[in-house]
Each structure stands twice: as structure tokens, then as C-alpha cells.
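As you go down the protein sequences, you meet chains R, D, S, E and Y in turn. For the first sequence, this note's numbering gives the first residue as 1, with consecutive numbering after it. For the second sequence, this note's numbering gives the first residue as 1, with consecutive numbering after it. For the third sequence, this note's numbering gives the first residue as 1, with consecutive numbering after it. For the fourth sequence, this note's numbering gives the first residue as 1, with consecutive numbering after it. For the fifth sequence, this note's numbering gives the first residue as 1, with consecutive numbering after it.
Be a bit skeptical, because a hint or two may be false.
If you only want the chain R side, here are some residues facing chain Y, beta carbon under 8 Å, derived [unchecked claim]:
hint	residue
1	TYR60
2	LEU156
3	ILE160
4	TRP471
5	LEU478
6	PRO479
Hints in this document: simulated from the structure, not taken from any laboratory. Source: prediction; values computed, not measured. Each residue gets a CB set at the ideal place from its N, CA and C atoms; glycine is no exception.
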Amino acid sequence: MNMILSPIPWLLVIPLAGAVLTMLIPLNWRSPASMFGLLTQLLASLLLGYQVSQYGTQIYAMADWQAPLGIALRADGLATLFILMSSLVATACALYAHLYLNLTKRGHFWPLLWFLWASLNGIWLAADTFNLYVGLELLTFAAVGLVAFASDERSLEASIRYLYAALLGSMAYLLGVALLYGAQGTLAMDSLAETWHWGPTNQVAITLILGGLLLKTAVFPMHTWLPPAHGGALTPVSALLSALVIKASFYILLRFWVEFEVYRHLPSLSQLLGVLGAGAIIWGGWMALKQTHLKMVVAYSTVAQIGYISLMFPLLTAENSEASLMAYHGGILMLLAHAFAKAGMFLAAGNLIYCTGKPDLASLAGMSRYRPLNIFAFGLAGVSLMGLPPSGGFNAKWLLLQSSFLSGQWWWIVVLLIGSLLSAAYIFRVFAYTYQETEATDSFRRPPITIELIALCLSVASILLGFLSIWPVNVVSLPGPFMEAMP
Amino acid sequence: MNLLIDLTLLTGILAIAATSLLSRSLFQSVIFFILLGLTLALGWIRLGAPDIALAEAAIGAGITGVLLLDTLGHLKKTGKLDKDEHRPSYPRLLLAILSSVTLVVLLLWAVFHQPTPAIQLHLLVEEALPDSGVSHQITAVLLNFRSYDTLLEVGVLVLAVLVGLALQTDQHQQDSLPGLPNPLLHACLTLLVPAMLITSMYLLWAGSDRPGGAFQAGAMLAAAFILLHLSGIKLSAQLSHRMMQFGLLLGFTVFLVVATSSVIGGRPLLAYPDGGAGLLILLIELALTLSIGLILLSLFTIANSPPLSSRSGGSNGH
Amino acid sequence: MTALVILQSLLLISGALMFVVGSIGLLRFPDTYTRIHALTKADNVGLGLIIIGLIPANFSLLVTLKLLLIWLLVMLASALSGHLVAWEARAKQVPLAPSEGESNDELTD
Amino acid sequence: MSYIYGFTLFILLVSLIVGVMRIIQGPRQADRLLAAQLFGTTGVAILVILAELQPLPAARDTALVLALLAMLAAVAFVSRVWKTTSTNEDH
Amino acid sequence: MDTNLIFTLGGIGLCGLGLFGFIYHCHLLRRLIAFNLIGNGTFLIMVGFAQRGQGVTDHVIQALVLTGIVVAVSATALALVLIRRWFHLKGSTQLPEDDAS
Chain R
1 MNMILSPIPW
11 LLVIPLAGAV
21 LTMLIPLNWR
31 SPASMFGLLT
41 QLLASLLLGY
51 QVSQYGTQIY
61 AMADWQAPLG
71 IALRADGLAT
81 LFILMSSLVA
91 TACALYAHLY
101 LNLTKRGHFW
111 PLLWFLWASL
121 NGIWLAADTF
131 NLYVGLELLT
141 FAAVGLVAFA
151 SDERSLEASI
161 RYLYAALLGS
171 MAYLLGVALL
181 YGAQGTLAMD
191 SLAETWHWGP
201 TNQVAITLIL
211 GGLLLKTAVF
221 PMHTWLPPAH
231 GGALTPVSAL
241 LSALVIKASF
251 YILLRFWVEF
261 EVYRHLPSLS
271 QLLGVLGAGA
281 IIWGGWMALK
291 QTHLKMVVAY
301 STVAQIGYIS
311 LMFPLLTAEN
321 SEASLMAYHG
331 GILMLLAHAF
341 AKAGMFLAAG
351 NLIYCTGKPD
361 LASLAGMSRY
371 RPLNIFAFGL
381 AGVSLMGLPP
391 SGGFNAKWLL
401 LQSSFLSGQW
411 WWIVVLLIGS
421 LLSAAYIFRV
431 FAYTYQETEA
441 TDSFRRPPIT
451 IELIALCLSV
461 ASILLGFLSI
471 WPVNVVSLPG
481 PFMEAMP
Chain D
1 MNLLIDLTLL
11 TGILAIAATS
21 LLSRSLFQSV
31 IFFILLGLTL
41 ALGWIRLGAP
51 DIALAEAAIG
61 AGITGVLLLD
71 TLGHLKKTGK
81 LDKDEHRPSY
91 PRLLLAILSS
101 VTLVVLLLWA
111 VFHQPTPAIQ
121 LHLLVEEALP
131 DSGVSHQITA
141 VLLNFRSYDT
151 LLEVGVLVLA
161 VLVGLALQTD
171 QHQQDSLPGL
181 PNPLLHACLT
191 LLVPAMLITS
201 MYLLWAGSDR
211 PGGAFQAGAM
221 LAAAFILLHL
231 SGIKLSAQLS
241 HRMMQFGLLL
251 GFTVFLVVAT
261 SSVIGGRPLL
271 AYPDGGAGLL
281 ILLIELALTL
291 SIGLILLSLF
301 TIANSPPLSS
311 RSGGSNGH
Chain S
1 MTALVILQSL
11 LLISGALMFV
21 VGSIGLLRFP
31 DTYTRIHALT
41 KADNVGLGLI
51 IIGLIPANFS
61 LLVTLKLLLI
71 WLLVMLASAL
81 SGHLVAWEAR
91 AKQVPLAPSE
101 GESNDELTD
Chain E
1 MSYIYGFTLF
11 ILLVSLIVGV
21 MRIIQGPRQA
31 DRLLAAQLFG
41 TTGVAILVIL
51 AELQPLPAAR
61 DTALVLALLA
71 MLAAVAFVSR
81 VWKTTSTNED
91 H
Chain Y
1 MDTNLIFTLG
11 GIGLCGLGLF
21 GFIYHCHLLR
31 RLIAFNLIGN
41 GTFLIMVGFA
51 QRGQGVTDHV
61 IQALVLTGIV
71 VAVSATALAL
81 VLIRRWFHLK
91 GSTQLPEDDA
101 S
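Let's have the full structure, built from the sequences with the hints guiding it.
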């Protein structure tokens, strides 16, 4: 295929160039330039989606050096889906940020967003373990910058906590990569998979890599950095972090898990991940129920939702390929639904806080009457998070349930049910506050209708996913090395 | 004999690391951290990695040390450097010991069961070296075979400055500390700074056929800038804000432009045109050196920006 | 040739011993000022001896020049840092040999 | 000859360890810094010898870099850490 | 016991020490130093372990370590910026209720 027509380089070059450009040009030009960039990114992602669904997995050799000497990029179905997801969510968040932030803050926001986007695209496309490390660090720095630039105490504390956790996570990952290289002499995922053998070195390497990535994904006992970071950042940033950033380390985890057939060789580890996921579901839900600040409820809900997504690991078993495939589809759908629903929910929550001027739940009283559209957006996102039909979240949970049945691991069903009850509880608790009619002030600020609509669009997308689930499922099942390694 | 030297070095490294971690005085920790960088540079030479030794000497022992010392001075200004440090709790100590022992045991187990690698990447590198435009393998890997990693890595550097700039409350806030008014120092600077600049250029030029390269050269350049800054000649105040920004971004931009131009020319991203690799690599490295020097300097000055006479302690946040 | 080797060995080992002397001086001298003395003498002479001892190892003009440059720079650096520390110590009125009992660390308390 | 290099190296390493003791003892920051300075010079000496012993000519470049950066820490210390301490606090 | 193995073991020691300090300490600067110890240990393991396996000087891994060092120094600088800002706002060198984690 013609090199110019491939959108893969542009998916990296445009955000990187956008970052440089938005640092150099005057403040009031940054938004228009970025809008143009958003458009090209959307087009490039759509083009990639078309090409991959037409011609299958694409390999792109950077600098014309084939892996393992050079670095290869690989756009398979999974990568394409994530690129499309990040394009849609990032565009929505960027538009929201443009309307929400003042001129100076916006000026700093754009380059950080572009770096974030570049690193995300880099990670989705990467097929080289060390390249993933550099991508992860770029992502961490951009995310930490985005958290910190609210520059009040809370966000600063959150960003330091986040930076320290993320740095430790990436160092563990790098240590694992070092061991893999020492054992096999290569960094490219393909050639690693070809020459893979489960000696002690590889087992330790995988353990370190998984440990580091779990810390970065904020899986249950290592989740403590997440709620302050996601709850303390500015609203569009919270949405980006919850919807996209934590998915990056999870995505790498999934790639390692499947491509090196970890599920086949370390089954005890998959049960452990399931237990951690179950812990996250229950603990995250419980903590969300206890929060007094609206954004913290949403942030703890992210902890719980990560738990659901990690339930796919114990269900990806070598014994039952049908159940595995279902779990894979369920997990991916869950991830996708969470991306849209959580972004929508954070934006809606941000709008509510904008109205009341206070971050706590108690001051939401009367909101359902004053801002029904916004509450509706919040509710729709909530429907998907709870897993009520018809929504992306429902289909995902349904697939996970079926997979648990098929593989005979009934205990995950119990966890799924308890989790759904908990999420229903914390979402209805928020609703209860909005329906209260107290004599409190009526001096609410009115947000522009556009930012409410953006939140609504994302929430609607998470519901629509319930009707269009077949499309992402087909995309992630496109043949490629990843699907071949699938049980 | 070699064994004895290696073991002595190893003992030294571990002892210095332990002291820098556990020392009561924070100043002592920082000094030992600088010494660790120095000792590691010796270790890298023993490992046959002079490029890393150069980087470690310039970055580990030089830049990082100065950054830490500077922060220490900043924290000391208010006189409450170690004041609010409560001793960590016992569960924490237990967790720390447990996880560190687990890590060490796991790593030892992994290291002593090392299989023979199936792929010998260095053979591939040697084979492709004539086409890379340079004759030093590390430069070939960094700026040709795996140039994509390097591009992202420069992005990481730029990003660190960007975050620092975004956190700066006032655009034109500058380092408020005066330089050292010592006459001998200034006399020596006229000798030392040109020597540093020449060494920086030497390292850059050496990179194409022997150890050296843009990062070492950039770190050296940054060291020269920081030295000037510390003695009161502030480059960041001399250059306009705009100029500084251009300087910071120059390396990344040149790299990106070269990368993109190959796509427009119908080649994959970052692929150099036939025969032009050597020249383009030198161009990129030159721009990178300047930018890295300025980036490290900015990271040093940005960190300084909160003014002295600020509130410390009480806060109005929740 | 052997005479040269013996000369080299003597130079190298006496250079290294100078470093030991410097270290011991640093350890034994009572106050900052005298320690500066120990430092600047010993290491410059020691390094000088070692560098002269190394010159015959490879008779190359460039290498010799580089070695001499290194020596020059180290001398400059240690002279300058010794001077700065002494200058600052005098400005801050750090006492000449402090009384025996004093060994508290000014940073820890 | 390499035996002599190794022996010299060993003496230098021992001298390093003696220097470390002064840094731990202090008592002043300035003393620690001076000892660190000596440490740097010893490092330079070790590097120039390693350049012959390995043999690895690039070790001399590392020595050059160290020699150039040797005073950076001293200047940073005097101008940043020491300067900001009030006289009565320092001892 | 060759040089590569010895320094690999040194790297393991540094990683262990660093991880201990990173978890044990509350002081942000000390934790940063601990992080740098882990980083340096990782770099030593990278080179020592790879060269032990390959049996020759491996320039690829050395180049990767150079990248790693630059990333680590950026991380350190970024953390210092944040720590100073934090100190400036709160006058504290550690995070509040750090034992909660």
C-alpha cells in the first residue's frame, strides 16, 4: 500500500506537531488551530478504521527498519478500536475544555492534550516493549501535567501522588522488559512471542510487568492514587483520565496477557487478577457510596469499573475457547462503554458543580428541577455504568455473566451482581440529593447549553453502544497475531 | 585483579546508595546521591559502556545533583527542612522490607536462570551499520534504527518543561536569587565556560564514530548554562521569552520535520533519504544538543520560580 | 623499556598514595580551612603524578594533551571550590579549629 | 603493567572509602562538600587509569566531563545551600 | 563471576534498596532519591543482564539505557518542580496522611 495514504504516521505526527504548534503560537490562536487538528485526527482514525476493516492488520516499519532491529507499529482490530475510541472521547473532552477553561488555562491545556493524544495513539499502535515504555512515560507526564495545572493544593497533591505511583509502575515495567531482553535478545512483541519460553526469567519478567501495569491501571489494592487525581483535576481532565489514560496501561496488560499466552501458563495469576477485580468492584462501590463530594463518587466508581474490566482475565481460560471469546468481547465492550459513560458522567458532574459552585453532594439539592438535561445526561451514563438494558454496559455484563456460566466459574456472577447493586446504590444516592427541595439558594450559575450537550452526547453514545455492540465486537475480532494467540 | 576491582566498586555503590537512602541528614543524602552517580560512571566503564558513563557523569553526577542541591537550598530557606518529618509507621516499615526482599529474591531467581537469548540483535546492528549514516553503533540505534523512541523521548523532555511552565504562576517570574559575586569565580568562568562549550561540541562530533552524542553534549551545554546562571549571568533573563521557547522546541521541531518530510516523500516515517542519513542525523543532533541544554537549564530555573517572600504554612484551601 | 615501566609504576603508585594521604588529611585535620589545604594539595599532586605516569603508556600527542587538560581542569576546579568554600566560610565566620566536643550536624537538628 | 594499573586502582578505591568516612562524619556541610570534591578527583584518576586498563579510550572523555563538572556542585552548594542559611544556624 | 554478573547483582541490590526507601520514606525528596536508585539499579540490570546473555558488549541495550536515563532525569526534574510548588503552597515536604496508602 502507498505509504502516503496510510494514516498511521499521521496519527502520531499530527498530535506531536499540534503540541509544538500550540506551544508556539499566541494564546488566542491555539483553539482554532487545535480544532483543525481535532478534525484531521478524527478523519485519520476513520480512515484507519476503514483500511483495517478492509485490508486487515497493518504493519508499519518505522524508519524503514524491520523489527526486531527497528520499531514496528501494528494496527490490528483492537488497536483500531482504541484509536477510534480515543479520538471520539478526546474530541468531546477537547471541545468541552475549550468552552470550560479560560484563555490562559486553555493555552496550557492544548499542548498537554496533544502530547497526551500522541502518547495514547503511540501506545495503541506499539508493537515493541521498549517503545511502550517510552509511550507510557510520555502519557504519565502529560497526565500529571493535566492534573497539576489546576494549580491548587488539591490537584497538586493528587498530581504528586499520581506521578510517584506512575513512575514506580513504569520502572517495574522497564525492569521486566530488561529481563525479557536478557532472556531473549529482542524487544519486538512478535519476535518475543515467537521465541518465548516459560523459564524462571520470563515468569519473573511477566510478574514485574503485570505488577507495574496493575499499579498504573489502579487495580484494587494499588488504587489509592486514583480517586484524588481523577476527583481533584479540572473536569475535562478528569474525564480524559478516567476514560482514556487508565485504559492505556490496561491495554498493554491485555496485549501481554494474550500474546504471550500468560493465561495458559500462569492460571493462578488469572484467578488472582479476578480476585483483585472483585475486591475493586466491592471496595470501589462501597467507597463511592460513602463519598460526600460528587466528583469523588465518580472517581471511586472508576475504581469499581476497572474491577469489572479485570474480571475478563480469569475468564480467558485455555480450557473453554467459547467462554474466553465471550469474556474478551465482554471486557472490551465494558471498557468502551465505561470510556463513554464515565467521560459523560464526569462532564455532567462538572456542569453540576459549575452550577452550584460547590463540590459536595448536599448542595445539589434542587438540581433536577433546575438542570434536567444535565441530570438526564448523568442518569444515562449511570444506566450504562449500572449495566441496565439497553446500554453498552448491559451487553458487556451480560457477556461476562454468560462467560462465567460457560466456564463454570459461578463465583464471578455473585460479584457482578453485588457490584451492580452497589453501583445502583451510589448512583441513586446522587439522584436522591438532586431531588431534594431545600430552602437553599437559587443563585445557581447557568452553564452554556453547549457544554451540557457535550456531556449528553457522550452519555447517549454509551447507551447507543448497547444497540451497536456488534460493530466493535467485529472489529476487535479481526484476524491477526493477537486473535491467533487467543484461546 | 579485575574481580577485586569490580567487587570493591560494587561494595562502594551499595554502601553509598544505602547511606544516601538512610542518612539522617537530607544534605548528606543528596551529597551521597551525587557520589553514587560518580561511582556508577566508573561502573559503566567497567561494563564497557562509555556512552552511558558519559551521560551518567554529566546527568547523574552533574545536573541531577545540582537540581537536588538547589531544591535543598530552597527548602532550607524557611528553616523547616526536616522538621515535619514524622517517623514512618511500623506497618509501612514491614511493607517496605517485605516488598524489597520479595523483589530481590525474584530478581536473583530470574538472573540465575538466564537462558541463552535466541536472537542476537547486535549482529543485525553490525550488518545494518553501513546503511545507517554513522559508524558508532549507539548513535545508529538512537537516531536511525530506533529513532522513533528517541523522538518520543525528546517529547518527554519537552513535556517536562511544558508542565513546569504551566505551573508557573507568573510568566516573567525569574529566579530571584542573586549570583555569587566572587571575582575569582568570574575570572575562572571565562576559562571554564568556553572549555565546557568546546567539550560539548567535541562530544557531539564524536558521537558519529565513537562514544558521545547529542544527550551528553546537551547535558554538558546545560551544565555550562547552569554554571553561568549560578554565578549571576542569567541566560534566561537575557533571552526573550519567545527566543527561549523557540530554543526549547528547536530540537523536537527539527526532528519532527525531518520525520514528516520522509512521509511526504513517500517513505515511512523517520526514514532518511538514501545517502542523506549522516548529514540529517548530524543536523538533528545539533538542534537536539542546543534544545536539551536549554531544556535542562529551564527545568533548573523553573523550579526556582516561587518567590522567596511567599506564605509558607497556612493555607486557605480546604 | 623496563626502566620506563619501573618509573611509571613508581609514579602511579606514589600518585595513588598521595590520594590516600589527602583522604587521611581530610579525615584528621581539625577545621574546614585546614581540610581545604589537605584537599587541594593532595589530589592535584596525586592526579598529576598519575597522569605523568600514564603518558608513556601510549605516545600519542592528542591523548597526552587531553590528559594534561584534564589535570589542568581538575586543578582549576579544586582551587576554585576550595577558594569558594573558604571565602564563604570566612564570610560566615566559621571558627578556626572548633572545640573537640562539637560534632552536631547543622542540618539534622 | 596491567597489574600495576590494577594495584593503583585498588589503592585509589580504598582512598575513596576513607573519603566517604569524612563525608559521614561532617561535621559541617562544607567539610562534606570538600570530601565530595576529593571523591570527584579520585574518580577522575580512576577513570584515566581504567582507560588504559580496559582499554577504553572513551573513559578519558568521561574523566574530562567529570573534571569540567567537578566544580558545579561546589558552586551550587555555596550559592544555593550555604548562602541561604543564616550564620547562627550553620553551627 | 564476571563483570556483567557482578553489576547485575549490584543493580538488584540498588533496586531492592530503592524500593525499600520508596515505600518506607514519607519525605518527598527522599522518595525521589529512592526512585532514582531504583532507576539506576534497573539500568545496571538492563546492561549487565543483557551482556551476560549475549556474551559481548551490547550496543542496543546501551542505547536504550541512554534513553532511560534521559527519561529518568526528566522525571526527577518534573517531580522537583511539583515538590517545590507543593512546599510553596503548604510548607510541607510530604503528603498529608501518607500512612493511608
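Consistency of the hints with the structure:
Checking TYR60 (chain R) against chain Y by beta carbon gives a least distance of about 21 Å; that is not within 8 Å, so the hint is violated. At about 5 Å, the closest approach between the beta carbon of LEU156 (chain R) and any beta carbon in chain Y falls short of 8 Å, and the interface hint on this residue holds. At about 5 Å, the closest approach between the beta carbon of ILE160 (chain R) and any beta carbon in chain Y falls short of 8 Å, and the interface hint on this residue holds. For TRP471 (chain R), the suggested interface contact is broken, since its CB lies about 38 Å from the closest CB of chain Y, more than 8 Å.
Because the smallest distance between the Cβ of LEU478 (chain R) and any Cβ of chain Y comes to about 32 Å, over 8 Å, the interface hint for this residue is violated. Given hint, PRO479 (chain R) at the interface with chain Y, is violated; its Cβ is 32 Å from that chain's nearest Cβ, farther than 8 Å.
Against the hints set out earlier in the document, violations occur for numbers 1, 4, 5, 6.
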